[in-house]
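Given the coordinates of chain H, assemble chain A onto it according to the supplied hints.
Taken in sequence, the protein lines are chains H and A. With our numbering, you'll find the first sequence wraps up at 353, consecutive numbering, no jumps. With our numbering, you'll find the second sequence wraps up at 414, consecutive numbering, no jumps.
Among the clues, some could well be false.
[Stated by the list, open to error] Computed footprint of chain A on chain H, listed as stretches where at least three residues anywhere in the stretch have a Cβ under 8 Å from a Cβ of chain A: (1) 90 to 100; (2) 126 to 136; (3) 170 to 179; (4) 286 to 293; (5) 312 to 320.
Read the hints as simulated data drawn from the structure, not as lab findings. These numbers come from a predicted model, not from an experiment. No residue lacks a Cβ here, since even glycine has one placed at the ideal position from N, Cα and C.
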Amino acid sequence: MAVDTINNAPIVALKSEPKPRSLIQIAIRRYLRHRMAVFGTFLLLGVILFITLGSLFYRESEGNMTRLRGREAPPGTLITVDRRGDSGEMKTAILGTDISGRDVFIRLIYGGQISIAIGVTSVTIAVTLGTIIGLVAGYFGGWVDGILSRITEVFLAIPALILLLVLSAVFSKDTATVELFGRTLSRTVIYIVLLIGFTSWMPLSRIVRSQVLSIKEQEYILAARAIGVRNFAIIFRHLLPNVVAPIVVAATLGVGTAIITEAYLSFLGFGVQPPTATWGNIIDGARGHIDNRWWLWVFPGSMIVMTVLAINFIGDGLRDALDPRSIE
Amino acid sequence: MTQYIIRRVMQAIPLLFLISVFVFFLIRQAGDPFAGRILEAGTSAEDLSRQRRAAGLTDPVWLQFIHWYLGDDWYQRDLSGDGEPDTFGRRQGILRGDLGVSVQRNEPVVKTIRRFLPWTLLLGATALTTTIVFGVAIGMLASLRPYSIFDNIVTTLSFVTFSTPIFLIALLSVFIFSVKFREWGLPYLPTGGTSDWRAGGATFGDVAQRLILPTVSLAAIQIAAYSRFIRASMLDVLNSDYIRTAHAKGLKRRRVVMLHAFKNASFPLITLVALDIPVFLSGAVVTETIFSWPGMGKLFIDSLNQLDPPILLAFTLFVALTVVTMQLIADIVYAWVDPRVRYT
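So that you can see chain H by itself, here it is in the shape it has in the complex (with noise of 0.2 Å):
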């Protein structure tokens, strides 16, 4: 950076020497001239918004609520307010209603808010286990290494979503439901982010453990291994350190799968069950019905699409923004 500034500027460069940038001022300037990620943040930020504000005006029971008349409404048609309709209020389902008669302007915003929980809470599982198992078997190596490597290995011959559908078929069938942050949710929320927590870490675990067989060959490992730094020291102060950027990457794009992978299993009846909503579940409703429900699919899906796009965009300007190599 310093280099284009001395040939675009020669003698003000000269005289006042520009303030050495820290690592993150670099990635940070990088992120913010990747277009496509300050697109992608203001999306996200968009949804992000839409959900939470969405929230603050209507309560999730609203959204949950099934009516007797009303059902499958396409928009803009007027519901009832109460299920039976006793009060004779009635407003005007902005995005129709489902084979239920619940409102899916409101379903968006809530299910919105699992979907995106869904995706955050099972990716922070994932890159806690990938992590921690992929530090440790490239650092030990050896019969460590070669036990957790055979495991990764099993998990990854069965594909994640066939592996997901096996483990969530029993899963899905509980309609009990839980108290969680002052909401009652279906149990399976939580089920569906265990299993996707505990069967989307094997890439990652990958990528940290060639990372960490690099790396420990270096002199500054080495050096703290001679002064007797202990291994739980050396991995988690000078490893760990060293392999954040590809771990920060593949969280971030690792949000938008797990986004996805709910839709698919919440599509295919096996995901979150009703009352609670998900992007993925209203998009079941739809099923068989893709022209006179076209409501049902087009709206959520747009929204997956959307915030999956927006952390695609957003993950690629992190690789670009904390590779190292990449200079400008």
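Then chain A, alone, in the frame of chain H:
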């Protein structure tokens, strides 16, 4: 080379065994296939317990595993309920090619699979061919004029496609090409199954027409991935010295691109194709379910809904076997075409 191949195959065998153990316990936890039977009319509790004993579900877990592997035709069970073993089992075990008998369909799993597998192979092969043809063509075109309007459109489109679940692509393509085209009076594509059930047998045209939309859904995301891959790989090669030399000595651009550049840029494609087989398989699960395509993916979802462990076991094992074999082939082919790979 031969030694390398032998060693890789030998390494795959214990891995496959580990996978089979994992798969066995994975399917076991899916539940008791006879749990729903008690509700059926004419089934007494005694019948049920007899059926469960005959299926070997009352045996200890380790014994069930051995029976799954080696069969139980050497093992006597007590079916009459008098406390003395009296009847030999009939299974031969997976090592002898017997995948058991489907609980819900009442036929050998091998027979079921033989009926469903060809449709998946047909869909998979069509989708794979489509992916390679379009992925390579789009990627090459984009790489010849990087950052042109065409390249930028392709980049944006592939980003959007990456971010779209297969089922949305399927729903969208059905909505446009089947529902809307019909509304607009255009020639539209039929969906669902492999042929019109009213017409009796499936003709070639029937199947071909109904193959188009599932293929599009299955291939779209992969085309995006492959075109990105080919573009990057081509850009790498096009900037190398030997391409500059080829241009300098006056070769036609077409010849340089097609012969010199593409040949080298397409090597990694071999590994990509082999490693992508699992992606096609899990994609098939979703696509076949949406389009009622009678392949392995639909069989899997149906068996999951009805809880049919022998079929689930066979399917999962089949998938894992395919994945491991393809990884093996990818490694070997790569070592074979690229002499720089060390045989270690």
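Results for each hint:
1. 90 to 100: Violated, because only 0 residues of the region 90 to 100 of chain H bring their Cβ atoms closer than 8 Å to Cβ atoms of chain A.
2. 126 to 136: With 0 residues close enough to chain A, the hint is violated.
3. 170 to 179: holds (count 3)
4. 286 to 293: As far as the region 286 to 293 of chain H goes, the hint holds, because 4 residues have Cβ atoms under 8 Å from chain A.
5. 312 to 320: Three-residue rule met by the region 312 to 320 of chain H, so holds; n is 4.
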